[in-house]
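One-letter residues, chain by chain:
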Amino acid sequence: GQQLNQSPQSMFIQEGEDVSMNCTSSSIFNTWLWYKQDPGEGPVLLIALYKAGELTSNGRLTAQFGITRKDSFLNISASIPSDVGIYFCAGDNAGNMLTFGGGTRLMVKP
Amino acid sequence: DTAVSQTPKYLVTQMGNDKSIKCEQNLGHDTMYWYKQDSKKFLKIMFSYNNKELIINETVPNRFSPKSPDKAHLNLHINSLELGDSAVYFCASSQDRRSMVAGGYTFGSGTRLTVV
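As they're listed, the protein sequences go chains A and B. Taking my numbering, the leading residue of the first sequence gets 2, the next gets one more, and so forth. Taking my numbering, the leading residue of the second sequence gets 138, the next gets one more, and so forth.
Just chain A, with the same shape it has in the complex (with noise of 0.2 angstroms):
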């Protein structure tokens, strides 16, 4: 089946600090969706991308959907304590259902 490849699996970084974390797919995409998973939550859907190269911004978040249909990055600027949680991309190929990423953790020291 498909398989989405996030990276990187966990980052431990200082308040305020920007991060980027991407998704790779062997497969091309017609949506690319990013999720946040607060601990004890189910995931949040925080972007979604409809076409390639789209770039869109969400507060202090911004995704872009790769030209290639391929990939996918999600940076967070100036990060806070709240934006701990794990991060998810999902892809959708125009079947019934979303592919998920394995995650990234994101852990904040205050």
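To be clear, the hints were calculated from the coordinates, so they are not data collected in a lab. In this text the structure is predicted, and so the values were computed from the model without any measurement. Glycine included, each C-beta is placed from N, C-alpha and C at the ideal position. Misleading hints may appear alongside valid ones.
[As the list claims (entries may be wrong)] Incomplete in silico selection of chain B near chain A, CB under 8 angstroms: (1) K178; (2) F179; (3) L180; (4) I182; (5) S185; (6) I193; (7) F227; (8) G241; (9) Y242; (10) F244; (11) G245; (12) S246; (13) G247.
[Said to hold, decoys possible] Label-pair distances were calculated between CB atoms; the ranges are: (14) A:E42 <-> B:D155: 24 to 32 angstroms; (15) A:Q15 <-> B:L191: 45 to 53 angstroms; (16) A:I14 <-> B:P206: 41 to 49 angstroms.
Given the structure of chain A, go ahead and fit chain B onto it with the hints provided.
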């Protein structure tokens, strides 16, 4: 109002028991899903229903049986529970089966199942 609610939030049970997890969504979505999240946090699709019809059944043991009485509900029944079934189970919904419409899935807060 909780958009996707699942109960119970925690479930501890012995091996061999049968248990059910319930899920309800009040978003008017047509499609619902069950995902399993293992200890490494990997999210794996189990089932998907579109308007009460099963459309995805990923290599899940027959001990797992989903039931959708109407499009707002998707319950998961598990027979003869095994230690390896311990995980967090997430229910989710999307506007329709083409998940990219309206921004993907809305997830419930999860049910942590522990089999002892």
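(request) Have a go at the L180 of chain B hint: is there a Cβ in chain A nearer than 8 angstroms to its own Cβ? (result) Given a least distance of 4 angstroms, the restraint on L180 of chain B holds.
(request) Hold the hint about I193 of chain B up to the distance rule: shortest CB distance to chain A must be less than 8 angstroms. (result) holds, 6 angstroms
(request) Under 8 angstroms, Cβ to Cβ, is where K178 of chain B needs to be relative to chain A, so tell me if that hint holds or is violated. (result) Hint holds; K178 of chain B Cβ to chain A Cβ min 5 angstroms, cut 8 angstroms.
(request) With chain A as the partner, please determine if F179 of chain B meets the hint condition of a C-beta pair closer than 8 angstroms. (result) holds, 5 angstroms
(request) May I ask you to test the interface hint for G245 of chain B with respect to chain A, counting a Cβ-Cβ separation under 8 angstroms as satisfied? (result) holds, 5 angstroms
(request) Let me know if the C-beta of Y242 of chain B comes in closer than 8 angstroms to any C-beta of chain A, holds or violated. (result) holds, 6 angstroms
(message) Just to be careful: measuring from the Cβ of G247 of chain B to every Cβ in chain A, is the smallest value less than 8 angstroms?
(response) Result: holds, 5 angstroms to nearest chain A Cβ.
(message) So, as I understand it, the hint says S246 of chain B touches chain A; can you test that by seeing if any CB pair is closer than 8 angstroms?
(response) holds, 5 angstroms
(request) Just tell me: holds or violated, for the beta carbon distance of E42 of chain A and D155 of chain B against 24 to 32 angstroms? (result) Given range 24 to 32 angstroms: holds, Cβ gap about 27 angstroms.
(message) For the restraint on G241 of chain B, tell me whether the closest CB of chain A is nearer than 8 angstroms.
(response) Since the shortest Cβ distance to chain A is 5 angstroms, the answer is holds.
(message) Given F244 of chain B as an interface hint, is its Cβ closer than 8 angstroms to any Cβ of chain A?
(response) holds, 3 angstroms
(message) Less than 8 angstroms between beta-carbons is the criterion; does S185 of chain B satisfy it with respect to chain A?
(response) holds, 6 angstroms
In this structure, every one of the numbered hints holds.
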